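Peer 1: Please work from the sequences and hints to get the whole structure.
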Amino acid sequence: MHPLRPPGDTGCGAATTRGAYSQSTIADPTVPELANSERLARRWFATVHRGAFGELSELVHEDVELVSKVRAGVVLQGRAEVARFIDETVASSLFEAVAEVYTPIDDERVVVEGRIRWIDEERVIRDDPVIWAMEFSDELLLRFVPARTTIEAQTILASTG
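If you count by my numbering, then the sequence shown holds residues 1 to 161, one letter each, in order.
Mixed in with the good hints, there may be bad ones.
If you anchor each label on the Cβ, the simulated ranges turn out as follows [said to hold, decoys possible]:
id, residue 1, residue 2, range
1, Ile125, Phe53, 16 to 24 Å
2, Arg71, Arg43, 19 to 27 Å
3, Glu121, Phe53, 13 to 21 Å
4, Ser92, Leu140, 23 to 31 Å
5, Glu121, Arg148, 18 to 26 Å
6, Ile119, Glu33, 32 to 40 Å
7, Gly73, Glu33, 34 to 42 Å
8, Ala158, Arg50, 30 to 38 Å
9, Glu88, Arg126, 13 to 21 Å
If you're looking for bench data, these hints aren't it; they were derived computationally from the structure.
Since the model is a prediction, treat every value here as computed from it, not as a measurement.
Don't be surprised by glycine CBs; every beta carbon is placed ideally from N, CA and C.
Peer 2: Okay, here's the thing in structure tokens:
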């Protein structure tokens, strides 16, 4: 835990009040629990925020499908291919990925709105808003697809629900 952050604040994404300054161990019935999909997405982005790209392959499903936002047209299939892409491309081109809004569909699917700062193929630093459709299976990332709108992300996720 970062010494300047309150408990429960991972430092990635918009601040929430879910247990942020609470010292009590008794659950507050007025604060809803996180959907499992949101919890898993927050874990993913916390790992990215720490720059622990080597750990990401441990968070992806064997049958993962990842559509790259930083390399147009690149669709990756399988844990080994995604791990190689993260090591060779993402670790060197991604400066920051910030998740700001999490909208769970259910315990396996979530739409995440945020921003990424990255270097494109022409070596230009970009700062873009992005929406991701994320799906999990067995607590691991199964699909990670960028979308233009939240409705498009919901449509992508509806095709698997």
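Peer 1: Compare the structure with each hint and give your call.
Peer 2: Hint-by-hint comparison with the structure:
For Ile125 and Phe53, the Cβ-Cβ distance of about 19 Å falls inside the hinted range of 16 to 24 Å, so the restraint holds. With their beta carbons about 24 Å apart, Arg71 and Arg43 fall inside the hinted range of 19 to 27 Å. Remark: the range hint 13 to 21 Å for Glu121 to Phe53 is upheld by a beta-carbon distance near 19 Å. At about 24 Å, the beta-carbon gap between Ser92 and Leu140 stays in the expected band of 23 to 31 Å.
For the pair Glu121 and Arg148, the supplied restraint of 18 to 26 Å holds, since their beta-carbon distance comes to about 20 Å. A hinted range of 32 to 40 Å for the beta carbons of Ile119 and Glu33 is consistent with their spacing of about 38 Å. The hint said 34 to 42 Å for the Cβ distance between Gly73 and Glu33, and at roughly 38 Å that hint holds. As the Cβ distance of Ala158 to Arg50 is approximately 32 Å, the hint placing it in 30 to 38 Å holds.
As the Cβ distance of Glu88 to Arg126 is approximately 19 Å, the hint placing it in 13 to 21 Å holds.
Hint compliance for this structure: no hint is broken.
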